[in-house]
Amino acid sequence: MTDTPQTPRTPQEFESAVARETAVASFDTHEKSLLERIRHFLHSSPASVPLIVLVLSLVIFAVIVGSRFFTPFALSLILQQVAIVGIVGAAQTLVVLTAGIDLSVGAIMVLTSVIMGQFTFRYGMPVELAILCGIALGALCGFINGVLIAYLKLPPFIVTLGTWQIYLATTYIYSANETIRAQDIEANAKLLQFFGEKVPIGGATFTYGVFIMILLIAILWYVLNHTAWGRHVYAIGDDPEAAKLSGVSTKRVLIAVYVLAGLICALAGWVSIGRNGSVSPQIGQFANIESITAVVIGGMSLFGGRGSIMGMLFGALIVGVFSFGMRMYGTDVQWTYLIIGVLIILAVAIDQWIRKVAG
Amino acid sequence: MSREPILTARGLVKRYGRVTALDHADFDLYPGEVLAVIGDNGAGKSSLIKAISGAVRPDEGEMTLEGKPIHFRSPMEARDAGIETVYQNLALSPALSIADNMFLGREIRKPGVMGSWFRMLDRKAMEKKARDKLTELGLMTIQNISQAVETLSGGQRQGVAVARAAAFGSKVVIMDEPTAALGVKESRRVLELIQDVKKRGLPIVLISHNMPHVFEVADRIHIHRLGKRLTVINPTEYTMSDAVAFMTGAKAPPPS
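In order, the protein sequences belong to chains A and B.
Counting from 1, position 307 in the first sequence corresponds to residue 307 in the numbering used here; the numbering is continuous, with no gaps.
Counting from 1, position 62 in the second sequence corresponds to residue 62 in the numbering used here; the numbering is continuous, with no gaps.
No lab work stands behind these hints, which were simulated from the structure alone.
Don't be surprised by glycine CBs; every beta carbon is placed ideally from N, CA and C.
FRET-style restraints, in silico, Cβ to Cβ: (1) B:Arg73 / A:Gln165: 35 to 45 Å; (2) B:Lys128 / A:Arg252: 28 to 38 Å; (3) A:Arg122 / B:Pro111: 47 to 57 Å; (4) A:Ala218 / B:Asn144: 20 to 30 Å; (5) B:Glu192 / A:Phe41: 25 to 35 Å; (6) B:Lys128 / A:Tyr174: 55 to 65 Å; (7) B:Gly115 / A:Ala218: 16 to 26 Å; (8) B:Gly249 / A:Leu140: 52 to 62 Å; (9) B:Gly249 / A:Phe41: 50 to 60 Å; (10) A:Ile166 / B:Pro111: 39 to 49 Å; (11) A:Ser44 / B:Gly115: 21 to 31 Å; (12) A:Lys190 / B:Phe118: 32 to 42 Å.
Dumping the calculated EDC-like pairs for lysine to aspartate or glutamate here, alpha-carbon to alpha-carbon at most 20 Å: (13) A:Lys244 / B:Asp80; (14) B:Lys198 / B:Glu136; (15) B:Lys68 / B:Glu4; (16) A:Lys244 / B:Glu150; (17) B:Lys129 / B:Asp196; (18) A:Lys251 / B:Glu107; (19) B:Lys171 / B:Glu33; (20) A:Lys244 / B:Glu77; (21) A:Lys251 / B:Glu77; (22) B:Lys110 / B:Asp122; (23) B:Lys251 / B:Glu237; (24) B:Lys198 / B:Glu177; (25) B:Lys171 / B:Glu62; (26) B:Lys124 / B:Glu107; (27) B:Lys228 / B:Glu60; (28) B:Lys171 / B:Asp196; (29) B:Lys198 / B:Asp28; (30) A:Lys356 / B:Glu150; (31) B:Lys251 / B:Asp40; (32) A:Lys244 / B:Glu107; (33) B:Lys228 / B:Asp23.
Working from the sequences, and respecting the hints, build out all of it.
Encoded structure:
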C-alpha cells in the first residue's frame, strides 16, 4: 500500500491475490446425487429410519413366525411390554437432546416406586399422598442432577453415574430390601396398580400404562416441536454457547429438563408397580440402559440437538418387537441382544453420516 | 460533526486482575454511519465492544444511548435496548431452521388461547417475517426458510446472522469480524450486506482486522491503542499503512 488514499468500492490488490482461493473454496458444488438427497431427507426427518426398521421388523416376524404374531393380542402385548421403557425413554430423550445423558433414570424409577409402596404400607399414609410424595421425590432427584450439571458444570455422565449409585443405595437401605407383595397392594392400595389394569379393545388388550405412555410422548412431542421451550432444549444441545448468546436462559432450561426427567421417571415408577404387581427394589435395574438403547436406535444423537421423541418410541418398539418375536420364534434370547447390539452400532453410524450433511 | 452521537462512552475502565484492558476509553457512534474499530491484538477493542454490547460491565465510565445513560448487565439488556450484536461465531444453532434461529429467544406465539395457554409457536408468522427480512437484504437465494442452518454455506450463515440483527436491532448493529471466516466471494457479499443495513438507516459498529474491508465500507475509523481511543480518522484522508502505523504506534496520531 502506498500513498494513494483508498476510495471505497475499488477491488484491492489483496483480493486479486486471494481470488485464486475461490476455486478451492467453491469445491463443494450443489450437484445432488440420490444418496445425497436421501441424506437430506433423513436429516430433515430423523424419525424415518427407525420407523422403516420397525415396519421391516414387523414384516419379517410376520413372515417367519406366521399368523400367531400378527394378531391384535400379540401386538398389544408388545405395547404393554414397551410401556415402561417408553416412559423412561421419554425422560432420557429430553436429557439426550441437551447433549446430556441420564444414567440415574432407572434408579429414580425404583426409588420412587419403593417410596410410594413403603409410605403407604409402612406409615399407613393415604395412597394418593404416598404417590404424590414419590412424584415429588422424583422431581427432587432430577433437580439434584440438574443443579450439579447446570451450575457446577459437571459432566452429565459423571453426575448421573454418581447419583445412580446414590439413589439405588438409598432404595436398598430405606426398603431393607423388602418386597411388598402384589396381593397386599391389591387388597389395600389398588391405586398403586392402576396403570396395570387391562383395557380390552377388540381382540387387543391395553393397559392404562400403555395409554399414559402414548399420552406422555404426544405431549412431549408437542412441547418439543411447537413451543419456544422445546426449541430451546434443541438449541442447548446443538450449541450451548450460541443458545446463550441468542437469549436462551440455558441454566434454567437445563434444570427444568432434569426435573422433568425425574418427574417422568417417578411416573414410570408408578406404572412399574402396575406392571409388576408388587413393589420391589430389585426391578428396573436396567431401565437406564434400555432407555438409552431406545433413544439411540430411535436415531437421536448423543451429541445433542438432533432427533425426535417419535424416533425414541419407534426405537423402543423395535426392541420390543425383536424380543417378543424372537421368543415366539423360539430361539435363544441372546440372539435378541446380539441383534439389538448391531442395531445400536448401525444407528450411531447412520447418525454420523447424516450429520455430515453440514459439509 | 454537528449531529448528536447515538451511542457514546466516556472514560470506560475495565481491569482484569492487574491487566487494564480499557484505560479511560471513549467511543462515539453517529446515526447512520459505519464506524470501524481497529486496533492491535490486546489493544482492548474487544473489551470495548463487550462493554457496549453488554457482555462485560465496565468498572468505571459512562455510556449513553440516544442521550440517556445505560448500564447493561447482560447482552440481553443491550438487545432489549435495541443494540444487536453479530458475534464472530455467529451464535446460530446449526440443527435448527433459519426461521427458528432468527427468532431464538424471542419467539412469536400464536394469538389467543393456543398461544397463551398452550404456548404454541406461530411458525407461519415467524417464517413470513424471516422471509421478508431475508428478501429485504437480498438473501433469498436461500430457497427454504425451514432448512437447517448447517446446510448453508458460511456466507449464507453470516447472512442469516446479519438479517437477525437487522430485523431486531432498532438502534445499533455491532458486527464482530464478520468476514474473518469467509472466502473472498462471500466476504464481498457480506460487505454488500453491511451497506444494505446502513442504507436502511441503522448505524453499524464494525470490528475487523481486514484493512481493505475496513477502508471500503467504513465512514470513520476508530483506532484503539493501549486501552483507549487513540484517534478517529476519515478513511478517504489516510492510507491503510497510515492506519496501521497509528495502530502500532509507529506514527503519531493526527491532532484531532
